[in-house]
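For chain U, the structure is supplied; the task is to place chain A on it using the hints.
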Amino acid sequence: GQQVMQIPQYQHVQEGEDFTTYCNSSTTLSNIQWYKQRPGGHPVFLIQLVKSGEVKKQKRLTFQFGEAKKNSSLHITATQTTDVGTYFCAAFSNFGNEKLTFGTGTRLTIIP
Amino acid sequence: DVKVTQSSRYLVKRTGEKVFLECVQDMDHENMFWYRQDPGLGLRLIYFSYDVKMKEKGDIPEGYSVSREKKERFSLILESASTNQTSMYLCASSLPGQGVRQPQHFGDGTRLSIL
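As given, the protein sequences belong to chains U and A, one line each in that order.
Each residue of the first sequence is one higher than the one before, counting from 49 in this note's numbering.
Each residue of the second sequence is one higher than the one before, counting from 7 in this note's numbering.
Please keep in mind that the hints were generated in silico from the structure rather than gathered at the bench.
No false leads were mixed into what you were given.
27 Å max Cα-Cα, derived DSSO-like pairs, lysine-lysine:
{"hint": "1", "chain 1": "U", "residue 1": "K84", "chain 2": "A", "residue 2": "K63"}
{"hint": "2", "chain 1": "A", "residue 1": "K61", "chain 2": "A", "residue 2": "K24"}
{"hint": "3", "chain 1": "A", "residue 1": "K9", "chain 2": "A", "residue 2": "K59"}
{"hint": "4", "chain 1": "U", "residue 1": "K107", "chain 2": "U", "residue 2": "K118"}
{"hint": "5", "chain 1": "A", "residue 1": "K77", "chain 2": "A", "residue 2": "K59"}
{"hint": "6", "chain 1": "A", "residue 1": "K9", "chain 2": "U", "residue 2": "K84"}
{"hint": "7", "chain 1": "A", "residue 1": "K24", "chain 2": "A", "residue 2": "K77"}
{"hint": "8", "chain 1": "U", "residue 1": "K118", "chain 2": "U", "residue 2": "K99"}
{"hint": "9", "chain 1": "A", "residue 1": "K9", "chain 2": "U", "residue 2": "K147"}
{"hint": "10", "chain 1": "U", "residue 1": "K147", "chain 2": "A", "residue 2": "K61"}
{"hint": "11", "chain 1": "A", "residue 1": "K77", "chain 2": "U", "residue 2": "K147"}
{"hint": "12", "chain 1": "A", "residue 1": "K76", "chain 2": "U", "residue 2": "K147"}
{"hint": "13", "chain 1": "A", "residue 1": "K63", "chain 2": "U", "residue 2": "K147"}
{"hint": "14", "chain 1": "U", "residue 1": "K147", "chain 2": "A", "residue 2": "K59"}
{"hint": "15", "chain 1": "U", "residue 1": "K118", "chain 2": "A", "residue 2": "K63"}
Take a look, some chain A residues computed to stay more than 10 Å from chain U by CB distance:
{"hint": "16", "residue": "Y16"}
{"hint": "17", "residue": "T21"}
{"hint": "18", "residue": "E23"}
{"hint": "19", "residue": "D32"}
{"hint": "20", "residue": "V58"}
{"hint": "21", "residue": "K59"}
{"hint": "22", "residue": "Y70"}
{"hint": "23", "residue": "S71"}
{"hint": "24", "residue": "S73"}
{"hint": "25", "residue": "K77"}
{"hint": "26", "residue": "S88"}
{"hint": "27", "residue": "Q91"}
{"hint": "28", "residue": "T92"}
The structure displayed is predicted, hence computed values, not measured ones.
Glycine residues also receive a C-beta, built at the ideal position from the N, C-alpha and C atoms.
The following block holds chain U by itself, in its conformation from the complex (with noise of 0.2 Å):
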């Protein structure tokens, strides 16, 4: 089945520096979505990407689709507190069914 590889598994880094964490798939991805899991929480949706090279923003999040639709990236500029956790990117194929795939994810931790 399809396969999204999610890297890296782990980041630390001190408050105020940037964050990116990288998705890939071996197979063309109709639309890839990107939830947020706190500690303790449960995953919550942050953004859907639809278009080959789409990039948008929520404030210090900045979220992009690669142009070949196999790809995406989320990148956190001046990292807060606020931000741990594990983000998950999850992907739709082509084949028009509604089951996703999931990352395996990549936790965040922030040193003050």
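Structure of chain A alone, referenced to chain U:
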């Protein structure tokens, strides 16, 4: 706000028991999903359902079954629990895509331990 409620936050069962995990959503969503979450493996789809009495296998259905008798309720069943089914189980629901995929809304999860 969408509310997805899982019946138990923590559950401890014994090997060989039949275990039921219940999930209820209050937003009339057609789609419902069961995932398990394990460290380093992310979320893996066990089963999902497009509508009442309909079910589709996900990536890891072995050892599990599901039931969807009513639109708002989706049950996950461990037929004969084994220790390798110790995990966090997450239920989610969403509207159907209709050309644009919809976000999934998750419950708080059930941490299941099989002894």
